[in-house]
Amino acid sequence: MTKLHDNSPTRPSPSSPTYLAPTPRYFNDRSLNASPSATSNSPAVWTPTSSACASDTGGTRRGAAKAGAGAGAGDDLSDGSDFDADAIDYGRDDAFRPSRSTSAAHMASWTGQPSIRGGSEMMQMVLLTANAVGITFTWGIEMTYCTPYLLKLGLTKSNTSLVWIAGPLSGLIVQPIVGVIADESKSRWGRRRPLMVIGSVIVAVCLLVLGFTGEIVGWFLGAGGDDPLAQRSTIVLAVLAIYAVDFAINAVMSCARSLIVDVLPIEKQQLGAAWSSRMSACGHMIGYAAGAIDLVGIFGTTLGDTQFKQLTIVASMAILSATAITCWAVTERVLISSAPVPAQHHGRRFKVFRQIWFTLLHLPPRIQAICWAQFWSWIGWFPFLFYSTTWVGETYFRYDVPADQKASDDALGDIGRIGSTSLFAYSIITFVGAFVLPLLIQSPEDAKQPSLQAPQFITRFISRFTRSKPDLLTAWIAGHLLFSASMAMAPFATSYRFATLLVCLCGLPWTMALWAPTTFLGVEVNRMSGAQGNTAPAYRRLSDASDVEMSTLDDPEGPLHLAHGDAGNSPSTSSTGELSGIYFGILNIYATLPQFLGTFISTIVFAIFEPGKSPELAGDAPPDEQADTSGPNAISVCLFIGAMSTLGAAWATRKLRYI
Numbered sequence: 001m002t003k004l005h006d007n008s009p010t011r012p013s014p015s016s017p018t019y020l021a022p023t024p025r026y027f028n029d030r031s032l033n034a035s036p037s038a039t040s041n042s043p044a045v046w047t048p049t050s051s052a053c054a055s056d057t058g059g060t061r062r063g064a065a066k067a068g069a070g071a072g073a074g075d076d077l078s079d080g081s082d083f084d085a086d087a088i089d090y091g092r093d094d095a096f097r098p099s100r101s102t103s104a105a106h107m108a109s110w111t112g113q114p115s116i117r118g119g120s121e122m123m124q125m126v127l128l129t130a131n132a133v134g135i136t137f138t139w140g141i142e143m144t145y146c147t148p149y150l151l152k153l154g155l156t157k158s159n160t161s162l163v164w165i166a167g168p169l170s171g172l173i174v175q176p177i178v179g180v181i182a183d184e185s186k187s188r189w190g191r192r193r194p195l196m197v198i199g200s201v202i203v204a205v206c207l208l209v210l211g212f213t214g215e216i217v218g219w220f221l222g223a224g225g226d227d228p229l230a231q232r233s234t235i236v237l238a239v240l241a242i243y244a245v246d247f248a249i250n251a252v253m254s255c256a257r258s259l260i261v262d263v264l265p266i267e268k269q270q271l272g273a274a275w276s277s278r279m280s281a282c283g284h285m286i287g288y289a290a291g292a293i294d295l296v297g298i299f300g301t302t303l304g305d306t307q308f309k310q311l312t313i314v315a316s317m318a319i320l321s322a323t324a325i326t327c328w329a330v331t332e333r334v335l336i337s338s339a340p341v342p343a344q345h346h347g348r349r350f351k352v353f354r355q356i357w358f359t360l361l362h363l364p365p366r367i368q369a370i371c372w373a374q375f376w377s378w379i380g381w382f383p384f385l386f387y388s389t390t391w392v393g394e395t396y397f398r399y400d401v402p403a404d405q406k407a408s409d410d411a412l413g414d415i416g417r418i419g420s421t422s423l424f425a426y427s428i429i430t431f432v433g434a435f436v437l438p439l440l441i442q443s444p445e446d447a448k449q450p451s452l453q454a455p456q457f458i459t460r461f462i463s464r465f466t467r468s469k470p471d472l473l474t475a476w477i478a479g480h481l482l483f484s485a486s487m488a489m490a491p492f493a494t495s496y497r498f499a500t501l502l503v504c505l506c507g508l509p510w511t512m513a514l515w516a517p518t519t520f521l522g523v524e525v526n527r528m529s530g531a532q533g534n535t536a537p538a539y540r541r542l543s544d545a546s547d548v549e550m551s552t553l554d555d556p557e558g559p560l561h562l563a564h565g566d567a568g569n570s571p572s573t574s575s576t577g578e579l580s581g582i583y584f585g586i587l588n589i590y591a592t593l594p595q596f597l598g599t600f601i602s603t604i605v606f607a608i609f610e611p612g613k614s615p616e617l618a619g620d621a622p623p624d625e626q627a628d629t630s631g632p633n634a635i636s637v638c639l640f641i642g643a644m645s646t647l648g649a650a651w652a653t654r655k656l657r658y659i
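1 is the number of the first residue of the sequence shown in UniProt numbering; add one for each residue after it.
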């Protein structure tokens, strides 16, 4: 990024692609009139003068206040160091002056600027969202292998279902709390990255503990695997490790999603969320592929004598390396002082919980609508994500498997492998859709008018093609409807191929489920920041070509920088939502509460339709203890109920058009 010394008589030459928020400040030939004060060792905060603000308010574009509230504090120039020239409007000689007073008591103040390494926009997005690969890889391994692993340790199925409450419970508790803590963090390394690193280390350690529980318990107790105390201790340690993994990975996930909002401007939120969805799909696909490979046959017993042990080692390395890449590539701005919220006036003991509760009760209407769409959709997604593998496998054993092969020595493994095959195909569709759908869906960039230098026929073609694209809201509604239509057919699936087809049809809706809510929430958080910062200085709009302005400079080698406005005169952030962590935590609450509701619904359905033992997995049980399979599969009934709930999600999503 171009830097300029305070004694330079000329303006800088742009040399790197720069995201400017709220609007590109183009350079002119006027010199910069700024002389920093040397009376303090603290960083100078460059603020617009009141005269500049007063004269430019008439030309301010609609989004200026929204993105102008952030703080890209300049460096102290008293020692001849550099400051960021790209973030300043050179349209006025007296536009900026250094200020040692970062903000009033009711304002948040910042230093530094967010930036992303990378030689191109695509590489920058890959580096920003690389941690999503490690997160989803770890989730995939846990969801695929931990249930049979717990059953192998001797845990009953009913108790195993209680263990999996760890997922929604951790999402309900950890993400909002971590979001609030990160929002107020004043670490020199930024608000999100330190917690991402700590969480990733905890995940890696607990994965290794989970894979080698038997060896750890045996080493401490000195007892064999047949000892009752050793068996109970192994189960307890494995359950604790699963809970620790779930809680820690939710912390990493919360900070990773907020990091995208913090770094990217409003017009790039959809692109960032799309790349996060792509990298998540990539992690799922790699995870399913790794589970299908015979790792023991490839690596021998050096990394462990079982497939699960080796997968825990691979997953540990994946989460650590993916998080390290993102933390290396991204530079955050540093919070100096945070703006107080109403919860802070009631004491600090329960400040976090009160802030979450206060924010939850006072959600803006559009954010509330996004959260309700998330709520109704996750009632449908919960049984699909948790039971689809078993449903496909049971469908195969009930309708397709030859009679002489029904008596399997490893029915659990067979069902898992058959179900994983369908999910691998589903993950491929999700992965491809994550790359293709953003090309077919209108983004904020498409709102720009074609270049005036282009021939007229090219201009007409581009305009016509852009108008034919659906917007993201329409695509999200279509995803709800496609998922609902697919899962509504689940009770009628009487063949493995048809069940696999229905699972694969959910690939594209899952892409939208990962992409759309975070995009809309990121945009709303940034818009809300602008609404809160109406007292922020105004900037002139220097071009009328588009409602969304972005400066793309020529040199592709430099890192990506997000230029923020003044820290001292704004009560909130600019294109970086100051409270993005808590809002994404609340969004996750609306995704985890349906999982508790889904568990309750599934329990009732299983008790009605299949009260006995599974004939596929417990074939040696007496016939009177086995469930009757003449009716519909109980899991398919749960999927059908979820499909009906997703219709409600489509209706809730549609309401966003009218708010």
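If you're looking for bench data, these hints aren't it; they were derived computationally from the structure.
Among the clues, some could well be false.
Unchecked claim - Taking lysine to aspartate or glutamate pairs in the DMTMM-like style, the calculated list, with each CA pair at most 20 angstroms apart, reads:
| hint | residue 1 | residue 2 |
| --- | --- | --- |
| 1 | Lys655 | Asp400 |
| 2 | Lys309 | Glu215 |
| 3 | Lys152 | Asp305 |
| 4 | Lys309 | Asp294 |
| 5 | Lys152 | Asp227 |
| 6 | Lys309 | Asp400 |
Note that this is a predicted model, so its numbers are computed, not measured.
Hints, verified against the model:
1. Restraint check for Lys655 and Asp400: not satisfied, since their Cα atoms lie roughly 44 angstroms apart, outside the 20 angstroms limit.
2. The hinted pair formed by Lys309 and Glu215 meets the criterion: a straight-line CA distance of about 11 angstroms does not exceed 20 angstroms.
3. Our distance criterion of 20 angstroms between C-alpha atoms is met by Lys152 and Asp305, whose separation comes to about 16 angstroms.
4. For the hint pairing Lys309 with Asp294, the CA-to-CA distance comes to about 12 angstroms; that is within 20 angstroms, so the pair holds.
5. Distance hint between Lys152 and Asp227 is fulfilled; the C-alpha atoms sit about 15 angstroms from each other, no more than 20 angstroms.
6. For the hint pairing Lys309 with Asp400, the CA-to-CA distance comes to about 33 angstroms; that exceeds 20 angstroms, so the pair is violated.
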